[in-house]
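Engineer: Chains as they are written, first to last, in numbering that gives the first Met the number 0: chain A, 0 to 136; chain B, 0 to 136; chain C, 0 to 136; chain D, 0 to 136; chain E, 0 to 136; chain F, 0 to 136.
Wrong hints could be hidden among the right ones.
Below are the BS3-like pairs computed for lysine-lysine, each with C-alpha atoms no more than 30 angstroms apart in a straight line [stated by the list, open to error]:
1. C/Lys110 x C/Lys66
2. E/Lys6 x B/Lys31
3. C/Lys63 x F/Lys110
4. D/Lys6 x D/Lys63
5. D/Lys6 x C/Lys31
6. F/Lys31 x B/Lys6
7. F/Lys6 x D/Lys66
8. F/Lys6 x E/Lys6
9. F/Lys6 x F/Lys110
10. C/Lys6 x C/Lys31
11. C/Lys31 x D/Lys66
12. E/Lys31 x A/Lys66
13. E/Lys6 x F/Lys63
14. D/Lys63 x C/Lys6
15. F/Lys31 x C/Lys110
16. F/Lys66 x D/Lys6
17. A/Lys66 x A/Lys110
18. D/Lys6 x F/Lys63
19. D/Lys66 x C/Lys6
20. B/Lys110 x B/Lys66
21. A/Lys110 x A/Lys31
22. F/Lys6 x B/Lys63
23. F/Lys110 x F/Lys63
24. B/Lys31 x E/Lys31
25. A/Lys110 x B/Lys6
26. F/Lys63 x E/Lys31
27. D/Lys63 x D/Lys31
28. C/Lys6 x B/Lys6
29. A/Lys66 x B/Lys110
30. A/Lys6 x A/Lys66
31. A/Lys31 x B/Lys66
32. E/Lys31 x D/Lys63
33. B/Lys6 x E/Lys63
34. D/Lys6 x D/Lys66
35. B/Lys66 x F/Lys6
36. F/Lys63 x D/Lys63
37. E/Lys6 x D/Lys31
38. B/Lys31 x E/Lys63
39. B/Lys66 x C/Lys66
No lab work stands behind these hints, which were simulated from the structure alone. As the structure is a computational prediction, the values presented were derived from the model and not from experiment.
Protein chains: 6
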Amino acid sequence: MIYLTRKAEFSSAHFYFNPLWTPDQNLAAFGKCANPNGHGHNYTLEVTVAGEVDPATGFVVDLKLLKDILEREVVSVYDHHHLNHEVPEFAATNPTTENIAVAIWTRLDGKIPNARLHRVRVYEMADLFADFYGETA
Amino acid sequence: MIYLTRKAEFSSAHFYFNPLWTPDQNLAAFGKCANPNGHGHNYTLEVTVAGEVDPATGFVVDLKLLKDILEREVVSVYDHHHLNHEVPEFAATNPTTENIAVAIWTRLDGKIPNARLHRVRVYEMADLFADFYGETA
Amino acid sequence: MIYLTRKAEFSSAHFYFNPLWTPDQNLAAFGKCANPNGHGHNYTLEVTVAGEVDPATGFVVDLKLLKDILEREVVSVYDHHHLNHEVPEFAATNPTTENIAVAIWTRLDGKIPNARLHRVRVYEMADLFADFYGETA
Amino acid sequence: MIYLTRKAEFSSAHFYFNPLWTPDQNLAAFGKCANPNGHGHNYTLEVTVAGEVDPATGFVVDLKLLKDILEREVVSVYDHHHLNHEVPEFAATNPTTENIAVAIWTRLDGKIPNARLHRVRVYEMADLFADFYGETA
Amino acid sequence: MIYLTRKAEFSSAHFYFNPLWTPDQNLAAFGKCANPNGHGHNYTLEVTVAGEVDPATGFVVDLKLLKDILEREVVSVYDHHHLNHEVPEFAATNPTTENIAVAIWTRLDGKIPNARLHRVRVYEMADLFADFYGETA
Amino acid sequence: MIYLTRKAEFSSAHFYFNPLWTPDQNLAAFGKCANPNGHGHNYTLEVTVAGEVDPATGFVVDLKLLKDILEREVVSVYDHHHLNHEVPEFAATNPTTENIAVAIWTRLDGKIPNARLHRVRVYEMADLFADFYGETA
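Bound conformation, chain A alone:
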């Protein structure tokens, strides 16, 4: 059993907002992240898949295929887009690092042939990241 991790990047705009709250409540909870003009980040995505090594190739998963899946399912949808305004799963959900990790798990789970999705890690900045392993409470 090998765990293989591939990184990808996307640059997106976002802001934090709870429509059930007043502007003052939003500002109190989210500070400068509540600015409705938005700000942005260079996100780094690490996707880990688990599987057995194919003795014919030495691969758990074909890397070109994995890269294409990440591009099609995540990067093309998130990169150079505004997460709140253009990505459906964030229309009514804050695009926090935590929620982005869960959303990417949902986008990828079941799409990678011959391997199991093990972990989605999302860095918002070099000093902050969230991991999701598909665990539900």
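Model the placement of chains B, C, D, E and F on the given structure of chain A, informed by the hints.
Structural biologist: Quick look at chains B, C, D, E and F alone, frame taken from chain A:
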């Protein structure tokens, strides 16, 4: 003569747009960067000052003071803001990495006591950066 | 269940010494780390907390609060201090990367509201780090 | 129980090839990695050992000893060598990142006194790495 | 005048060899780099161009065009190839970091519209790099 | 003319102190860096030499020789030592990043065969570094 460099970071949204051009011309020139919803980056700023070492302290410039100047003149204005919509110098100028470097030079030049501003370097991403030394054509 | 990780840094002096040993035994066990004048490092701390995402905010834990806790409980005590001489838990215990990880766990465990401390990782240098998950033998 | 991780590096040449396949099949499966002239990488190895902290030293494992073991068992064999042509375990097995992680596990397992080998991580590039924990299917 | 730098990467095999020398002389001069089976690296290339900012775009040079030129002139020729055996300029010249920087300068000089090639930097590893500014003795 | 840069690292303790000043003046000027117990850093040194490429080797300077010179002249003297207490040039001079860069220049200038010392860069942390080119006012 010592050159001292201090880094700072800011996370901002932006997009590229020339109001004299049609939408098709903007798309042709700027590609996915032309998306008017904006996208964003974690920018890294490196500010280099040149000066002589003060024998009483061993400093070219007081680092706390330099950090405060960068915070007041640049980071507080750019960080968690939308460069096109909220930062005056980009109201009618594209916030490209090149133009951001020039704008930060203008914001800092003459503000640092006892040292000469030598270089402003701005990274938009790890694989792209612009340097400005105050040179005019 | 999301695992959120926040980094912090501190720059400290330390050395290794076992008071039950002779100077020669200390030198044999600790080499250049036994120099009683001390040396130092830029330590990087990664603290991982586990919890469920609050649907009102999208957060496992308020990041500003987490940063304040790390600052108050760890960084303000360790940063720009001599670990052997000024930090109580290292008065009679070597400040190795392993022991620093355990000490930071003890400082943080139970202090983070609405989340469980999952892992403390301490880098002494880029090529050496220790992880502690609160496991006792 | 502490998990201690040490990094090491080696620079090697390799290529991918399945001798049971035609050249066209190799090219289809491995693309530019099938070039028999070889290409190369700066590999980064992270070895994690698990154990209890020795109260006399504060160490899980003597770092000088661990470094010497990594040098003797792995780095001296792989570094500045061609993995396919000079390293026995890759004479008939593709030196993929996955297989390198397994091979390094085999080289190290049982060689580290007073600690258990927990994980071998191999980076082929900054955006691709494989983890092996000794798990067999 | 702005200096814009773009990074690219290539993974190649190489070795060092002077055909006028005996094997012993090659080994004495080049050590483990003289191994004729070759070894390899993940090279990082930084190309800096200098020019004035086009007021219509805010660009010194179109980044997509610059990336395409680096890909066509350098990366497609060097990446996943053996520098000694497959790249003409190294048929009789050692592919040292120094010579690679000069060779890439020769490949790029005069090919970048509206900007002057200012510097080619090549990293062989994170702790070793060579800069060439086109200066001849 | 090629500029070749080699990195090295050293981990040292230091503090800032002007013996002509009162404790209050030292605290006002140096803040937490004035703590006489000392703190420490992982310093990164980048040494750049300039020279012509030897056509017989492709080298500006023999890298093994350069590494040995850095080790002998700088690393063995600074690493795992207290700069104020154990390194002669800092007995009466503050070991600031600026002064360390000048001191390393003095240690290396004239010691590297067949190449000219061009620049000494010292990082105290990832976000702060000083460059010295041997320029005197």
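Engineer: Does each hint hold? Answer for all of them.
Structural biologist: Okay, the hints, checked on the actual structure:
1. Taking the CA atoms of C/Lys110 and C/Lys66, the gap is about 12 angstroms. The hint holds against a cut of 30 angstroms.
2. The straight-line distance between the Cα atoms of E/Lys6 and B/Lys31 is roughly 20 angstroms, inside the 30 angstroms bound, and the hint therefore holds.
3. Our distance criterion of 30 angstroms between C-alpha atoms is broken by C/Lys63 and F/Lys110, whose separation comes to about 51 angstroms.
4. For the suggested pair D/Lys6 and D/Lys63, the alpha carbons sit about 13 angstroms apart, so the restraint of at most 30 angstroms is met.
5. A distance of roughly 20 angstroms separates the Cα atoms of D/Lys6 and C/Lys31; the hinted pair therefore holds under the 30 angstroms criterion.
6. Annotation: proposed proximity of F/Lys31 to B/Lys6 holds, straight-line Cα distance about 20 angstroms (limit 30 angstroms).
7. Of the pairs offered as hints, the one joining F/Lys6 and D/Lys66 holds, with about 20 angstroms between alpha carbons and a cut-off of 30 angstroms not exceeded.
8. Only pairs whose Cα atoms come within 30 angstroms are accepted, and F/Lys6 paired with E/Lys6 is accepted, the gap being roughly 20 angstroms.
9. About 17 angstroms separates the Cα atoms of F/Lys6 and F/Lys110, which keeps this hinted pair within 30 angstroms; it holds.
10. Annotation: proposed proximity of C/Lys6 to C/Lys31 holds, straight-line Cα distance about 29 angstroms (limit 30 angstroms).
11. Between C/Lys31 and D/Lys66 the CA atoms are separated by roughly 16 angstroms; this keeps the pair inside 30 angstroms, and the hint holds.
12. Annotation: proposed proximity of E/Lys31 to A/Lys66 is violated, straight-line Cα distance about 35 angstroms (limit 30 angstroms).
13. Our distance criterion of 30 angstroms between C-alpha atoms is met by E/Lys6 and F/Lys63, whose separation comes to about 27 angstroms.
14. Pair hint D/Lys63 plus C/Lys6 holds up; C-alpha atoms about 27 angstroms apart against a cutoff of 30 angstroms.
15. For the proposed pair F/Lys31 and C/Lys110, the alpha carbon gap of about 26 angstroms is at most 30 angstroms, so the pair holds.
16. A C-alpha spacing of about 20 angstroms is found between F/Lys66 and D/Lys6, which places the hinted pair at or below 30 angstroms, so the restraint holds.
17. Distance hint between A/Lys66 and A/Lys110 is fulfilled; the C-alpha atoms sit about 12 angstroms from each other, no more than 30 angstroms.
18. Using a Cα cut-off of 30 angstroms, the hinted pair D/Lys6 and F/Lys63 holds, with the two alpha carbons roughly 22 angstroms apart.
19. Using a Cα cut-off of 30 angstroms, the hinted pair D/Lys66 and C/Lys6 holds, with the two alpha carbons roughly 27 angstroms apart.
20. At most 30 angstroms may separate the alpha-carbon atoms for a hinted pair to count; B/Lys110 and B/Lys66 meet this at roughly 12 angstroms.
21. Only pairs whose Cα atoms come within 30 angstroms are accepted, and A/Lys110 paired with A/Lys31 is rejected, the gap being roughly 37 angstroms.
22. Between F/Lys6 and B/Lys63 the CA atoms are separated by roughly 27 angstroms; this keeps the pair inside 30 angstroms, and the hint holds.
23. For the given pair, F/Lys110 sits about 14 angstroms from F/Lys63 by alpha-carbon distance, which is consistent with the 30 angstroms threshold.
24. For the given pair, B/Lys31 sits about 47 angstroms from E/Lys31 by alpha-carbon distance, which is inconsistent with the 30 angstroms threshold.
25. Among the hinted pairs, A/Lys110 with B/Lys6 is inconsistent with the structure: their alpha-carbon atoms are about 41 angstroms apart, more than 30 angstroms.
26. For the suggested pair F/Lys63 and E/Lys31, the alpha carbons sit about 11 angstroms apart, so the restraint of at most 30 angstroms is met.
27. For the given pair, D/Lys63 sits about 39 angstroms from D/Lys31 by alpha-carbon distance, which is inconsistent with the 30 angstroms threshold.
28. About 17 angstroms separates the Cα atoms of C/Lys6 and B/Lys6, which keeps this hinted pair within 30 angstroms; it holds.
29. Under the criterion of a C-alpha separation no larger than 30 angstroms, the hint pairing A/Lys66 with B/Lys110 is inconsistent with the structure, at around 47 angstroms.
30. This hinted pair checks out: A/Lys6 and A/Lys66 have alpha carbons roughly 9 angstroms apart, not beyond 30 angstroms.
31. For the proposed pair A/Lys31 and B/Lys66, the alpha carbon gap of about 20 angstroms is at most 30 angstroms, so the pair holds.
32. Taking the CA atoms of E/Lys31 and D/Lys63, the gap is about 23 angstroms. The hint holds against a cut of 30 angstroms.
33. With a C-alpha separation of about 27 angstroms, the suggested pairing of B/Lys6 with E/Lys63 holds against the 30 angstroms cut-off.
34. Proposed proximity of D/Lys6 and D/Lys66 is supported: the alpha carbons are some 9 angstroms apart, at most 30 angstroms.
35. Note on B/Lys66 and F/Lys6: the hinted pairing holds, with a Cα-Cα distance of about 27 angstroms set against a maximum of 30 angstroms.
36. Our distance criterion of 30 angstroms between C-alpha atoms is met by F/Lys63 and D/Lys63, whose separation comes to about 22 angstroms.
37. With a CA separation close to 21 angstroms, the supplied pair E/Lys6 and D/Lys31 stays within the 30 angstroms bound.
38. For a cut-off of 30 angstroms, the pair hint linking B/Lys31 to E/Lys63 stands: about 11 angstroms separates their Cα positions.
39. Taking the CA atoms of B/Lys66 and C/Lys66, the gap is near 20 angstroms; set against the 30 angstroms cutoff, the hint holds.
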